[in-house]
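Q: Below are the chains, spelled out letter by letter.
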Amino acid sequence: MRVLPNEDQVMFRDAARRWVEQEADADASIADQWAKFAELGWLMIGLPEDVGGLGGDAFDAAIIAEELGRGLVKAPFVGVAVTAAQLLLAFAPDRLEALMAGEEKPLLAHVEMGAGGDPSWVETQAVKDGEGWRLTGTKTAVIGAPLADSFLVSARTEDGIGLFEVSADSAKLREYLLIDMRPAGDLVLEGTEAKLLAADALGEITRAVDFELVVESAEAVGVMQTAFDMTRDYLNTRQQYGKLIGQFQALQHRLADMFIELEQARSIVLRGLDALLRDEADRSAIAAATRVKVAQAGHFVGAQGIQLHGGIGMTDEFPVGHHFRQLIAFEMAHGGASRQVERYAEMMDV
Amino acid sequence: MTDEDLRQEVRAFIAENLPAEMAARGKKMYHPYKPDVVFWTQKLNEKGWSAPGWPVEYGGPGWTVPQRHIFEEECFLAGCPMISPQGLTLVGPIIYTYGTQEQKDTFLPKIRSAEHTWTQGFSEPNAGSDLASLQTRAVREGDEYVVNGQKIWTSDAHSSEWAFMLVRTSTEGKKQAGISFLLIDMETPGITVRPIISIDGGHELNEVFFEDVRVPAANLVGEENMGWTYAKELLAEERTFSAEVKRHKGQLSRIKDIARTANLRGTPLIEDPHFLRRVAQLEIEVLAHEATLLRVVAEEQAGILGAAPTPSILKVRGTELVQRLGALMLEALGEAGMPYYAEKDYFLDTPDDPPGIPGAPGISSDFFFRRSLTIYGGTNEVQRNIIAAQLLRG
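Residue numbers (the numbering used here), protein chains in the order written: chain A, 1 to 350; chain B, 1 to 394.
Careful, some of the hints might be misleading.
Said to hold, decoys possible - Below, a list of computed lysine-lysine pairs in the DSSO-like style, where the Cα atoms sit at most 30 Å apart:
hint: 1; chain 1: B; residue 1: Lys249; chain 2: B; residue 2: Lys344
hint: 2; chain 1: B; residue 1: Lys34; chain 2: B; residue 2: Lys246
hint: 3; chain 1: B; residue 1: Lys174; chain 2: A; residue 2: Lys243
hint: 4; chain 1: B; residue 1: Lys175; chain 2: A; residue 2: Lys243
Simulated from the structure, these hints should not be mistaken for laboratory data.
Please work from the sequences and hints to get the whole structure.
A: Okay, here's the thing in structure tokens:
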């Protein structure tokens, strides 16, 4: 299990932290931020050298994701630079150059309502139409969808589950904001034109989803870390009954429990990354386990962060609630943490 | 040698050397049975494996920490008798770090061979989590200390040859500053051991009384009045030991064994998705906890001394997971967990026509005794105080 970052990774981490703390402007457009991501090399950090990447892997991408999570950066870094990039790496590596340059932002549109976190649940249909294909079905909760220029869409053919590409121009997108104010959307396919990327794609889709489960978990650890730091600082500042509230043992113990959960979450992300890197047989089980632990820890840390702040934690003006909202959105994605427990139960060794 | 090679070598060694009835006893989860512990420690000692965490110069096998974990995990899963931890992980390292050459030469080989097993004399009736309040006195007279006082919760005092003790050698200054670390032969006149039967019905704990016990001054470890410093280090080791990952894995494996034997309305319990989901939740917790342990080890090896109070974190989560897994084992047993499977009737053999299901004896006993985990080594509440103090100071 890789635990410690190497020198290069520390450099990237520090640069990302500086950017998030000093330059990431909440009002800046995601398009502007994206250009910066490309310039800093983040869009190529997790990709091999033979396709023009920096030769890193999911561990490197997770380092960036965690830093972006600390600052609640809304740009869909994981969706494009990890999930979609892994699928292009498998099926269309020549397309990665544009992705790494920040010129193209493809996103995987795979999850359907009611899939319950099972990556093989696909009801969207693909029908051959001359040289091309037409897709019918609805893909849901595509994070960052309004920014995408194309979608990688899973759909069922007579032969199994294939992966198709649909351009953003030709698809109908039902846009909305998530509970944490990140832009997202449902992709409504009504006989929409599509290009076939791979006829038998379930294995690679599952692998890409595993990458997303784990690297988004790293992002969530960042979200949690900031919520924890704010709470600890508040206990060291706020006074009631004539003393710092951090001197009350009930609150000290709560803070200790928050820290234990945060540390467990941080640890299992390393285990999850290890499973991705070694592509071991239980990769999907460990990815599900990672998601579960981080989601449950995130729920606890975020909720207790609000509780320990008291009234101020309830306000939209104070950021701890924003962190909680992103942690809850994280918990609900991919069928929700409880369904991921079930997936793990089905896959574990008995 | 790769880690996998070592795992295979350990498995082969156990298969060849561990008698089946001993493995069966080991899996029953009753208190350690001294003849088994001594037999197995000697076997391991012949192989050079009886002190897996020690430096090579003191007889350790020279394993990395992950290799040590592999060894301990394999031993636990196979039901090997546990090497007495008081000698191996507690007093041994203190002796080779702070002891005199004579103490090293005398004691270390005998810990490795189980010629001596050890008991820890720390807690007193009025010094539990607040250990530094201890009052057992050791007064220097010539080249001897005269010890008077009482220790309590002393595991295995009734079956151990030696005790390592914290005793008060000064009442001046801060209470931590007057404590010394003393080694005492349990055969010394003036020592009385009284059993404490715990809520599981078993006997591991004791009270020990000291009345004018004369101990050679050569048995002082390190400097007089410095014992607290050594003990703090040892307690950190005890808390890391309390990470308990190998016990968690053993428990998970036992839970699945039980669930294959037990049935729910005519179907093996192992096929019940509701039950499996509960197992899955705990297995996920264990995965995260194990990853934390590996992280701590890697960070220590890299010389990163984090601000994080890691021993306390490992202790709190590790011990609480043992208790949650224990509760799930009982849940798996259902009514088969209700009979009192007394240690004296079920440990060395099994009565005719026993109630319940095979595998049930020992589980409720272990469940009850493991309530002690969140109490010893500084209660989990005290650990949370320590964690919060470090976080809020930072």
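Q: Of the hints stated earlier, which fail here?
A: none
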